[in-house]
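Student: Now for the letters of each chain:
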Amino acid sequence: MQRKKTLALMATAVSGSLVLAACGGGGGPASSGGKISDGKVVLGLLNDQSGVYKDLSGPNSKVAIEMAVADYKAKYGDKAVAKDIEVVQADHQNKPDIANTKAQEMYDRDKADIILDVPTSSAALAVATQAKAKKKLFIDIGAGTTALTGAQCNKYTFHWAYDTYMLASGNGAATVESGGKNWSIVYPDYAFGQDMTKSYSAAVERAGGKVQQKIATPFPNDNYATFITKAAASKPDVIGIMAAGGDLVNFIKQFNQSGVASTTKLAVGLMFITDVHSLGVDQFKGTTFTDAWYWNFDAQNRAWADKFMAKTKVRPSFAHAGNYSAAMNYLEAVQAAGTDKSDDVVKQLEGKKINDMFLRNGEVRAADHNVVHDVYQVKVKSKDQVKEEWDLEQVVKTIPANEAYAPASPDCKM
Amino acid sequence: MSQQLVSKVDVELPSEPSLTARRPFLRWVGLAVGLLVVLALPWYIYPPVAMDIAAWALFAISVDLLLGYTGLLSFGHAAFWGTSAYTTGLIATHVGLPFPVAVLGGAIAAMLLALPTGYLAVRRTGIYFAMVTLAFAQMVYFIANQWRDVTGGENGLQGIPKNLGGMTDLINSDAFYFYYAAIPIILLGVLLAWRIVNSPFGRVLVAIRDNPARARALGYDVERYKIMVFVLSAGLAGLAGGVFSVSHGFASLQELVWTTSGKVVLVTVLGGIGTLWGGPVGAALVVLLEDRLASSGFNGIGIITGAIFVVIVLAFRHGIWGTARNGLGAWLRSRRRTREDV
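For the protein sequence lines, the chains are R and B, in the order given. Numbered according to our numbering, the first sequence spans residues 1 to 414. Numbered according to our numbering, the second sequence spans residues 415 to 756.
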């Protein structure tokens, strides 16, 4: 017994002294007096590299960001403030806890000055929390939640490409104006679906249309047959589907098989060109949706998409273009500020009016850091209209920035 | 199978095989080394990751208490981990209490939830027990998903503060300090598990696992013991979940989804069931692997973790720790035998 006690005491003493010794060895974080912290600018890309969002953003967004870095260097040459620029990436697997840890790690370890992309709303909000705590920049491109520029907004977080409000106001109102007055909305019963339904209903009613039915489905869901029958029962002009990803694919296949497709138009809440490409245009038959950017819209978009395709063999989604635009404008802001200090860069970005290959009539709103710009109501082309592999969308209408986005939310307090 | 049963009867407790029983100093050496590793971890591993390992270790131990010591496979432990994560977050956010108090509140909430769950689930064994626990976990998941005003739904509960009286600024400044502030809670949980296992109560649990009919014949109320250990296990999972949510500053649906229940069973089996040490070993492996692979640029994390799981289950039936311990035991025995021969 005595021996046991001695040993236990010894164990505690040894571990205790080791910890103390270790404490002495550790140094504080190194502070840098230069204009560029740690001598270089580090851009961190945090997104889904292996799961459902891999194609619409994923590894190809790194290519887009590297293109921005190359263009920045070419533009400023010797005058560039940021001489040494590094791009690091990590896979958050769409899990908020991993996104949160990886974001901390990027800011602390990799000395990232900014984190880009971050699809999946819960993961994006987790990174925004870290950006606020670490006082480093975060520009979200891949997530749709309006909370990023609403109740959860902060000084260092910007929302670049799209949000659920803009998706609804674009396609919802435009569809009503072109004759689709009566709607049935089918939505998955979770935050994204509920938000989208609320936004879509409001947009449809603002434009003088009517939402006859709102039908909740489980999430995730495989069998939509009963929901499609129910939605068609009120003889609507338009059925709106607010599901995304795999659920959307299921719904569209079953919608086409149901026979409802011949009498009713389909409006999709959120869709990427990669979804259309993988399903094939004949599954859609004139489906409309809101797109933040389309690669074949004009010569400027196309020129950039050609450069992108040379490196990746695919055409860019709006998320890829958004990543380029966000990275480029960040570097421009660093150039203008003459430093990568977060507060100075934020000051440069706030209120900035931007016209580039991604943003048209764009503005970084100072009040809530939502980056508003012109968006497009697009229609999926029919098979005989498709001239080349990725030319899948036809822009029906351009929706000006001030109509597409909600005014700054009163919930947002910087 | 019969051989295994015989060996279990021979050995008093699975966590204390003849090896440490014969050489008690080995246990103290093990404890000292374990404590050293725990205290030195954030020096070698990025502190938030070290915190994740510690939280997952206690979570795995809580599952092991059921799986390894009582023979009950719970497939819904995410419910307790997640319930505590949310409760802890709500207490810390709205009441502003120091985080250890909030974590304790979370653990109590998890135990309260475990009472009715356990009451219903212990009436069944094997796959039916697993299904009942899974069903309860799914219910909790959907409640959290729908109750958006409180839980934030899909977006999760964001911005949980780390409060600790006068040390609030210190633990917020660096995850390194938070680790040392929170690790006592985890160690307390491990100590509790150790006490449970090495108590008369723990012996009854093992008896129930090996032969419930006999335990009942000896006069033990088997159902009541099972409910008690289920609630205790939920409490430990709750402690771990609470620390996890404070460490990350949020609680999300990820904490409640059924894959989290699956992951913790995987972690426990990888490390080795019925060992207590197995949980931490498995947790360290899985969390580190996820962390490293996330930055590696390799686009198929599931393939690697899945392959490792298959290899361990097929080749090392007792898990990493169990295999290592058995190997050491066999080596020491054979050495002694040769010495005696001479």
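No lab work stands behind these hints: they were computed from the structure. Each residue gets a CB set at the ideal place from its N, CA and C atoms; glycine is no exception. Check each hint, because a few of them may be wrong.
[Claimed, not checked] Derived DEER-like restraints, expressed as beta-carbon distance ranges:
| # | chain 1 | residue 1 | chain 2 | residue 2 | range |
| --- | --- | --- | --- | --- | --- |
| 1 | R | Glu86 | B | Ile718 | 25 to 31 Å |
| 2 | R | Ala207 | B | Arg537 | 55 to 61 Å |
| 3 | B | Gly716 | R | Ala367 | 52 to 58 Å |
| 4 | B | Ala729 | R | Tyr76 | 42 to 48 Å |
[Said to hold, decoys possible] Residues from chain R that face chain B, not an exhaustive set, calculated with beta carbons under 8 Å:
| # | residue |
| --- | --- |
| 5 | Tyr76 |
| 6 | Lys95 |
| 7 | Thr101 |
| 8 | Arg109 |
| 9 | Ala147 |
[What the hints assert, rightly or not] Only part of the chain R face toward chain B is listed, based on derived beta-carbon distances under 7 Å:
| # | residue |
| --- | --- |
| 10 | Gly51 |
| 11 | Asn100 |
| 12 | Gly150 |
| 13 | Gln152 |
| 14 | Asn154 |
| 15 | Thr226 |
| 16 | Asp237 |
| 17 | Gly338 |
| 18 | Ser342 |
Student: Does each hint fit the structure? Answer for all of them.
Tutor: So, going through the hints one by one against the coordinates:
Under the hint 25 to 31 Å, the C-beta atoms of R/Glu86 and B/Ile718, about 26 Å apart, fit the expected range. A hinted range of 55 to 61 Å holds for the C-beta pair R/Ala207 and B/Arg537, which are about 57 Å apart. A C-beta distance of roughly 42 Å is found between B/Gly716 and R/Ala367, which places it outside the suggested range of 52 to 58 Å. Checking the proposed 42 to 48 Å range against B/Ala729 and R/Tyr76 shows it is violated: the Cβ atoms sit about 57 Å from each other.
Because the closest C-beta pair between R/Tyr76 and chain B is about 29 Å apart, greater than 8 Å, the hint is violated. Satisfaction of the interface hint for R/Lys95 is found here, the shortest Cβ-Cβ separation to chain B being roughly 5 Å, below the 8 Å cut-off. Contact between R/Thr101 and chain B, as hinted, is supported at the beta carbon level, the nearest pair being about 5 Å apart and thus within 8 Å. Taken as an interface hint, R/Arg109 checks out: its beta carbon lies about 7 Å from the nearest beta carbon of chain B, inside 8 Å.
Look at R/Ala147: its Cβ gets to within about 6 Å of chain B, closer than 8 Å, so that hint holds up. The restraint placing R/Gly51 at the interface with chain B is violated, with a minimum CB-CB distance near 9 Å, outside the 7 Å limit. Nearest Cβ of chain B to the Cβ of R/Asn100: about 5 Å, under the 7 Å cut. The hint holds. Annotation: R/Gly150 was flagged as interfacial toward chain B, and the flag is violated, the nearest CB pair being 11 Å apart, outside 7 Å.
The criterion of a C-beta within 7 Å of any C-beta in chain B is met by R/Gln152, whose closest approach is roughly 6 Å, and the hint holds. At its closest, the beta carbon of R/Asn154 sits 10 Å from a beta carbon of chain B; the interface hint therefore is violated under the 7 Å criterion. A distance limit of 7 Å between C-beta atoms decides the matter here; for R/Thr226 the minimum to chain B is near 20 Å, and the interface restraint is violated. Hint status for R/Asp237: violated, given a least beta-carbon distance of 30 Å to chain B, over 7 Å.
With a cut of 7 Å, the hint placing R/Gly338 at the interface with chain B is violated, because the nearest CB-to-CB distance is about 28 Å. Taking 7 Å as the C-beta contact cut-off toward chain B, the hint placing R/Ser342 at the interface is violated, the least distance being around 17 Å.
In the structure shown, a violation is registered for the earlier hints numbered 3, 4, 5, 10, 12, 14, 15, 16, 17 and 18, in ascending order.
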